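Number of protein chains: 6
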Amino acid sequence: MKYGARNQLIGRVKGIKQGTLMSQVTLEIPANSQMSSVMTLDSLEELGIKEGDKVQIIVKAVNVLLAKD
Amino acid sequence: MKYGARNQLIGRVKGIKQGTLMSQVTLEIPANSQMSSVMTLDSLEELGIKEGDKVQIIVKAVNVLLAKD
Amino acid sequence: MKYGARNQLIGRVKGIKQGTLMSQVTLEIPANSQMSSVMTLDSLEELGIKEGDKVQIIVKAVNVLLAKD
Amino acid sequence: MKYGARNQLIGRVKGIKQGTLMSQVTLEIPANSQMSSVMTLDSLEELGIKEGDKVQIIVKAVNVLLAKD
Amino acid sequence: MKYGARNQLIGRVKGIKQGTLMSQVTLEIPANSQMSSVMTLDSLEELGIKEGDKVQIIVKAVNVLLAKD
Amino acid sequence: MKYGARNQLIGRVKGIKQGTLMSQVTLEIPANSQMSSVMTLDSLEELGIKEGDKVQIIVKAVNVLLAKD
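Protein chains in written order, with my numbering: chain A, 7 to 75; chain B, 7 to 75; chain C, 7 to 75; chain D, 7 to 75; chain E, 7 to 75; chain F, 7 to 75.
No lab work stands behind these hints: they were computed from the structure.
Treat the hints with caution; some may be incorrect.
No copy is singled out in the list; a pair is fine if it fits within one copy or between any two copies.
Claimed, not checked - The list that follows gives simulated cross-link-like pairs (lysine to aspartate or glutamate, DMTMM-like), each with its CA atoms no further than 20 Å apart:
{"#": "1", "residue 1": "23", "residue 2": "59"}
{"#": "2", "residue 1": "60", "residue 2": "75"}
{"#": "3", "residue 1": "23", "residue 2": "34"}
{"#": "4", "residue 1": "74", "residue 2": "52"}
{"#": "5", "residue 1": "74", "residue 2": "57"}
{"#": "6", "residue 1": "20", "residue 2": "34"}
{"#": "7", "residue 1": "23", "residue 2": "48"}
{"#": "8", "residue 1": "20", "residue 2": "59"}
{"#": "9", "residue 1": "8", "residue 2": "57"}
{"#": "10", "residue 1": "74", "residue 2": "59"}
Fair warning: this is a prediction, and the values are worked out from it, not measured in the lab.
With the rest of the complex left out, here is chain A:
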């Protein structure tokens, strides 16, 4: 599968928190870094992931903000 997005990383599911409507997935990426994704519970269920699963992390470049001091 190919994606029209500049940011494509591989991560491992480290934790899943379920809210009333939304869910938050914490991911381990290489070099001990961490990322997170928020999606609906419906999407989480459809995605069918559990702790330890390998997932693709996709972010469009327009949604990446840079800061510098």
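Got chain A sorted already, so can you dock chains B, C, D, E and F onto it with the hints?
Same frame as chain A, but now just chains B, C, D, E and F:
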């Protein structure tokens, strides 16, 4: 500085492409991974970054999509 | 492939416009409706699409705005 | 009303789920397709929609991701 | 018209820059503040705005990042 | 700190609502206007804000929608 975003990584500017109105910044993050940010040329100028600079990469978790096969 | 996004439609590439850095892809979806995606030229090239190709259209529900009069 | 967004579809409200802070609206669009929008409960209330209502669905093209296999 | 978004401001078009594919609209909001919107040239044309026009500025709350030192 | 974003306003925290997983922060900006940000409870905690605090509001221009009648 603290940010209300789940994804905060440190990257190094690897390349900058300037279009007519927009610009695209390629970033090296640990473990030989790569990320990209697209912003206006005005924002690029205000940010004042050049190749090799260390920058903060910020992405809100709602803008992170997960995929799994 | 499964996606952590509520909006997943199938479309056909109807037109591709290339700018200096960005590109704009127009898509036909069923019932004579039309959608569009903007991505970098780099992402367009990596995606490798051409007119007539069938593609998956993915939008996270948080990026969908509703209006009503 | 005119919008500065490439994606403008007409949908009908099929279901509304209310969480603690957020809400999720499911929409029917032509050809038996379905879309969803996530917004705050405050926005849902202000929008004042109920099942069966016709609404305008607006998505900026930069938030549309394409995938192809 | 009602919108499912928490951020709705009124602005006046102060400047329009046209790129090859994208455009950038600068807006004056009360108290001498300034905002900007980036959209495709196609959307700009459809919107039909010119300097001095009053426009509605809409931003979903999930796309608003807070920072604090 | 410098940001690669066209929209940077200063606001004062007026109210914080906490959901199960997400939170919603209402902000006062000059001229009696109001903005809102939605983030995870984790991000809210990390940000460490309370009513009355001055915060920086950052929005990328691609996430700003214009409407005109």
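We went through each hint and held it up to the structure:
Taking the closest pair of Cα atoms, residue 23 and residue 59 come within 20 Å of each other only inside a single copy of the chain (15 Å); across copies the shortest separation is 29 Å, beyond that limit. Taking identical chains as interchangeable, the C-alpha atoms of residue 60 and residue 75 lie at most 20 Å apart only when they sit on different chains, with a minimum of 9 Å there against 34 Å within one chain. Taking the shortest Cα distances, residue 23 and residue 34 sit within 20 Å of each other inside one copy (15 Å), while across copies they are farther apart (29 Å). In this homomeric assembly, residue 74 and residue 52 come within 20 Å of each other (Cα to Cα) only across copies, at 10 Å, whereas the closest approach inside a single copy is 38 Å.
Only between protomers do residue 74 and residue 57 lie at most 20 Å apart by alpha-carbon distance; the minimum there is 13 Å, versus 34 Å within a single protomer. In this assembly of identical chains, the alpha carbons of residue 20 and residue 34 lie at most 20 Å apart only when taken from the same copy (6 Å versus 23 Å across copies). With identical chains, the CA atoms of residue 23 and residue 48 are at most 20 Å apart both within one copy (13 Å) and between copies (11 Å). For the homomeric pair residue 20 and residue 59, the shortest alpha-carbon distance inside one copy (8 Å) is at most 20 Å, but the shortest distance between copies (31 Å) is not.
In the homo-oligomer, the alpha carbons of residue 8 and residue 57 lie at most 20 Å apart only across protomers (16 Å), although the nearest pairing inside one protomer, at 25 Å, exceeds that limit. In this assembly of identical chains, the alpha carbons of residue 74 and residue 59 lie at most 20 Å apart only when taken from different copies (9 Å versus 34 Å within one copy).
Every hint from the earlier list agrees with this structure, and none is contradicted.
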